[in-house]
Amino acid sequence: MRQAKGFREAHFAVCPLVTSNVRSAAEGAGARIIVTLPATSRIPPQTARPSRPGFMNRFANPGQFMRLSSVLLPWLSGAAVLTLTVGIIWGLFYAPADWQQGDTVRIMYVHVPMAWLASLGYFSLAVCGALSLIWRHPLADLAALEIGPVGAVATFICLATGSLWGEPMWGTWWVWDARLTSVLVLFFLYLGHIALIRAFDEPARGYRAAAILAIAGAVDLPIIKFSVQWWNTLHQPDSITLTGAPTMSMTMLAPLFICMAGFSLGFAAVVMARLRAALMETRARQLLSRRHADREAA
Amino acid sequence: MTHLPYIVAAYALALGASAVLGIGAVIRLRRARQALALVGRSFPEGRPS
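Which chain is which? The protein sequence lines are U and W, in order. With the numbering used here, letter number 88 in the first sequence gets 412, and the count goes up by one each step, no holes. With the numbering used here, letter number 36 in the second sequence gets 23, and the count goes up by one each step, no holes.
It should be emphasised that the hints constitute simulated quantities derived from the structure, not laboratory data. All C-beta atoms, glycine included, are put in the ideal place defined by N, C-alpha and C. A hint or two may mislead.
As the list claims (entries may be wrong) - Residues from chain W that face chain U, not an exhaustive set, calculated with beta carbons under 8 angstroms: (1) Thr(-11); (2) Tyr(-7); (3) Ile(-6); (4) Ala(-3); (5) Leu0; (6) Ala1; (7) Ala4; (8) Ser5; (9) Leu16; (10) Ala19; (11) Ala22; (12) Val26; (13) Gly27.
As the list claims (entries may be wrong) - If you only want the chain W side, here are some residues facing chain U, beta carbon under 7 angstroms, derived: (14) Tyr(-2); (15) Ala6; (16) Leu8; (17) Gly9; (18) Ala12; (19) Gln21; (20) Leu23; (21) Arg28.
Claimed, not checked - Restraint-style ranges between C-beta atoms, simulated for each label pair: (22) U:Pro561 x W:Arg28: 28 to 36 angstroms; (23) W:Arg18 x U:Arg460: 49 to 57 angstroms; (24) U:Val405 x W:Arg18: 19 to 27 angstroms; (25) U:Gln425 x W:Leu25: 52 to 60 angstroms; (26) U:Tyr418 x W:Val13: 58 to 66 angstroms; (27) U:Thr409 x W:Arg20: 41 to 49 angstroms; (28) W:Val13 x U:Ala617: 30 to 38 angstroms; (29) W:Ala(-4) x U:Ala523: 30 to 38 angstroms; (30) U:Thr567 x W:Ala(-4): 34 to 42 angstroms; (31) U:Pro561 x W:Gly3: 29 to 37 angstroms; (32) U:Ser573 x W:Ala(-4): 21 to 29 angstroms; (33) U:Met572 x W:Ala24: 48 to 56 angstroms.
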């Protein structure tokens, strides 16, 4: 520690318990910390990213997922259909028309949930990317593979219903507005992710590249959220915020929340079903390849 | 209703695409289950739980 105070740089091996006091003292003295791995702890390239047994892998392994999803999937699907039916009927026939926009405001009950799902889907992709890169989660790559197309469809519907709302209200199908453009960028990010994750013969390389794209692309999410505040846009500001009171009537807000819940449950059910199918397909392929290997060995 | 075609088109698109995704997932799940059962019958020890 005394030596470290005397130098501008302090070199430490990775041994947190022993060096934590020394490290803090050196940092206090303004020294630059350089951490070096001891030769014995250097990880060979083949095992550089081992699967770490822990909370993630213990409670979210494929077997646990299959057991849990077989119980959850029928309930999720039923709840989605029921909630969506109530929300759509309420929004279409019982919610009041807007004093300015008239009945066209009813497009909101499908447009806003799709916008929410577009962002939520990409956030899920980024979380899967982090789980894959950091914890080597066995389901994360497969989940990313299945979430991508569903999220892309949600983003496309968000853009299309936005155009169908914009034409009668703004007099144009499209404008290069900050909100619209950032959602279009999100759609291209989804397409890039879908292409990249399937682009390599070795699936692990595709999963890794797509995980990096998903994490890097997540920077678009706050841009979408705050675009209507940062720039003067044609798109209206957010009607629902975490800090302020909603700027729309409760008679419109209630069916909107029900539609959002219904579409979210539907999104979860579709992703869960696709993930179950993907796991079964993988298992069938593994069994077939084992059978071929056994035949060749015999 | 004003602008009825726009409203109908928006709902048809959103609900139609959701239905296609949902039905597609159900068909894929059923096919995967059948494929796994078929492979499992001829390779019984490898059947998953």
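These are the hints, each one checked on the structure:
1. Thr(-11): At about 4 angstroms, which falls below the 8 angstroms cut-off, the nearest Cβ of chain U leaves the hint on W:Thr(-11) intact, so it holds.
2. Tyr(-7): Holds, about 5 angstroms.
3. Ile(-6): Because about 6 angstroms separates W:Ile(-6) from the closest Cβ in chain U, which is inside the 8 angstroms limit, the hint holds.
4. Ala(-3): 4 angstroms, holds
5. Leu0: 6 angstroms, holds
6. Ala1: OK, holds: W:Ala1 within 8 angstroms of chain U, min 4 angstroms.
7. Ala4: The hint holds - W:Ala4 has a Cβ within 8 angstroms of chain U, the shortest such distance being about 6 angstroms.
8. Ser5: Cβ of W:Ser5 sits 6 angstroms from chain U, so the hint holds.
9. Leu16: 4 angstroms, holds
10. Ala19: 4 angstroms, holds
11. Ala22: Result: holds, 5 angstroms to nearest chain U Cβ.
12. Val26: With a closest approach of 5 angstroms, the W:Val26 hint holds.
13. Gly27: 7 angstroms, holds
14. Tyr(-2): For W:Tyr(-2), the interface hint holds, since the closest Cβ of chain U sits about 6 angstroms away, which is under 7 angstroms.
15. Ala6: 10 angstroms, violated
16. Leu8: Holds. Min distance 5 angstroms.
17. Gly9: 6 angstroms, holds
18. Ala12: 4 angstroms, holds
19. Gln21: 9 angstroms, violated
20. Leu23: 5 angstroms, holds
21. Arg28: 11 angstroms, violated
22. U:Pro561 x W:Arg28: 28 to 36 angstroms: Violated: the Cβ-Cβ distance is about 60 angstroms, outside 28 to 36 angstroms.
23. W:Arg18 x U:Arg460: 49 to 57 angstroms: 29 angstroms, violated
24. U:Val405 x W:Arg18: 19 to 27 angstroms: 22 angstroms, holds
25. U:Gln425 x W:Leu25: 52 to 60 angstroms: 55 angstroms, holds
26. U:Tyr418 x W:Val13: 58 to 66 angstroms: 30 angstroms, violated
27. U:Thr409 x W:Arg20: 41 to 49 angstroms: 27 angstroms, violated
28. W:Val13 x U:Ala617: 30 to 38 angstroms: Distance hint for W:Val13, U:Ala617 holds at roughly 33 angstroms.
29. W:Ala(-4) x U:Ala523: 30 to 38 angstroms: Roughly 34 angstroms apart at Cβ, these two residues keep to the hinted range, so it holds.
30. U:Thr567 x W:Ala(-4): 34 to 42 angstroms: 35 angstroms, holds
31. U:Pro561 x W:Gly3: 29 to 37 angstroms: 30 angstroms, holds
32. U:Ser573 x W:Ala(-4): 21 to 29 angstroms: 25 angstroms, holds
33. U:Met572 x W:Ala24: 48 to 56 angstroms: Roughly 51 angstroms apart at Cβ, these two residues keep to the hinted range, so it holds.
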